[in-house]
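A.B. asks: Listed here are the chains, written in short residue letters.
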Amino acid sequence: MAASSMLTKLESSTFMAVLVIYLIVAACYFVFVTAKKERAGWIAYRLMLAGFLLHTVCITARGLNAGRLPLTNQYEFAAAFAWGIALCFLIFVKKYDFNALGCFVAPVIFLIIGYAAMQSKEIHALMPALQSSWLGFHVFTAIIAYGGFGVAFGVSMVYLFQERLQGSSFARSHFPDEETLDLISYRAVSLGFLFLTLCIITGSIWAKRAWGTYWNWDPKETWSLITWIIYAIYLHLRLNRGLRGRKSAIFATLGFAAVIFTYVGVNTLLAGLHSYK
Amino acid sequence: MEQEKRHNFIRFFISMKFSMFLLLVIIGVCIAGSLVSEPRAYFSSWWVRAAAGILCLNLLLCSVRRLPVSIENWRRAKSKRAGAFGSWLCHLGMLLIILGFIAGEILSEDYTVYGIPGSMQPIADTGLWLRIDDFDVRMRDDFTVEQYTAKLTAADGSGQEISGEASVNHPMNAFGYDLFQDSTGWANTIDIYKGGVLQRSDIVCVGEMTYPDDRPSLQVYFNKFYPDFSLDASGKPYSRTPLLRQPRSLFTVSYNGEIKGMDYAAMNIPVRVNEYDFVFRDPTEYTLIVIRRDPTEKLVGLAALIMLAGIFMAFYWRPEYGEEEHGGELHADET
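Going line by line, the protein sequences match chains Y and S.
Note that our numbering gives residue 283 to position 215 of the first sequence, counting from 1, and the numbers run on in steps of one.
Note that our numbering gives residue 283 to position 276 of the second sequence, counting from 1, and the numbers run on in steps of one.
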């Protein structure tokens, strides 16, 4: 009981800290890019690292307290979704030395964690359909997929935004050239696409075990398929028709809108088998 | 002229432009399908199947057309040669998934059997029988369900029997069929008396009807069961817990579609409606078992693996052609 109460306190205090940190990070990145304050960018990145570590502690505490993977309701998945985007963001920033990306990714992370804050944090025991080892695989692949698409969205926004800053010394030193931005967005979409495919396949296998059919045309399944097709079109147009630059960025942005609808819109507007409140 | 027109049509049909158009159509179909109340019926309609069929044909022809290009890329590649087939395998996997799914819709067998422990029923026209040996709903302290478990015995005509357990996420397999624990509900034994003489005694599940005599126009409908009956502040009935503490059954008697009476019956206490006395007793939970066989299951599983491998190879195992040839991103002729 004492351990449970301690874990609850740890989870709620780290969650609040994470919420505040991501807000400050988003503000710092905004100052960094709009006021061109180098120091703000430096602080934002370090705070993002600290926020990510606390976020990991928060999710771990939740998992230990619940005695299961914390991936089964709106609050838990929103927290994990934001964590996945933060993870992909940090990897891409490290790989491409592209800190200014945070200007568009950090607000998305903050909005998603803010959405989590509005959900019920009560811990419920798992209903029978969710008691499966496939849960972890299925939701983890969704988190990475959404993370990849979230980063692609951020990069695409940077691409669309940096056209305004073209030629400035700040843009030259902090934004990759257009071609690299385009490539990063494509790589992030490729990662997301692979993991979304894995997510749909693991979900189908699980559905087969639980309900006897691997596809039920549940709204969440249907919208995952819609998202998958949107990104499939993006990849086809890019690889075969040379979709690049502005159009490619707009496409990746639209794709992410479908991701957000699949996650938030379907859960709130369309009831179905995945409506685990 | 005619031949040229035909060639132009075929060229258009196997073009990527047409594939993209089809995918956009399918997005529209899916958006509409996510809004309808009966999505399964909607997605089984002939025109959705026709759209999927045209997409299959397009995928097939595109795959055939692109195979020589993939082989040529494989031949030219210096390393990671298998990657040349990534995109091709992805399309092949997709094609097999759609075909398998459509075939599954047509060829799969799907039956339901429901009953209380001890009941034995035929599984449609399969020649098999299913006996529900036991059914248990395991609950936690807060009355949330931890697991539903049915102990079952399936038997064929020769007397061979297979026994096992089916619970959510853990189907039982017997005679090539998967048996799923699907849902549950309450059943009562209903005794119907007229003038003190027992007319009929039936086990009736919630949502079912029984008939007091031989006239089908006179019906008793079992509306709802409250295991722990209570009334809220507004006088609305509800069940405080799922435990059998204060069981009450709501039933309706109708004659020629006109409601003659509606009442809550406590267990073993007669309730009179017109000249009939109704006694509800022995509340028991029934289980609904879904029995399925899908011959395309393995094909679809294999197709999913092929598609996944294809996507991985297309993005992360790209062939390397040496310095004199292109590298980096995939080019049109590689996809």
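The set of hints was computed from the structure by calculation and includes no laboratory data.
In this text, a Cβ means the ideal position worked out from N, Cα and C, and glycines have one as well.
There could be a bad hint or two in this list.
Output of the computed footprint for chain Y on chain S, the stretches with three or more beta carbons under 8 Å from beta carbons of chain Y [said to hold, decoys possible]: (1) 152–164; (2) 241–254; (3) 311–325.
A.B. asks: Next, verify each hint and record whether it holds.
C.D. replies: Status of each hint after checking the structure:
1. 152–164: holds (count 4)
2. 241–254: Check failed, 0 qualifying residues.
3. 311–325: holds (count 7)
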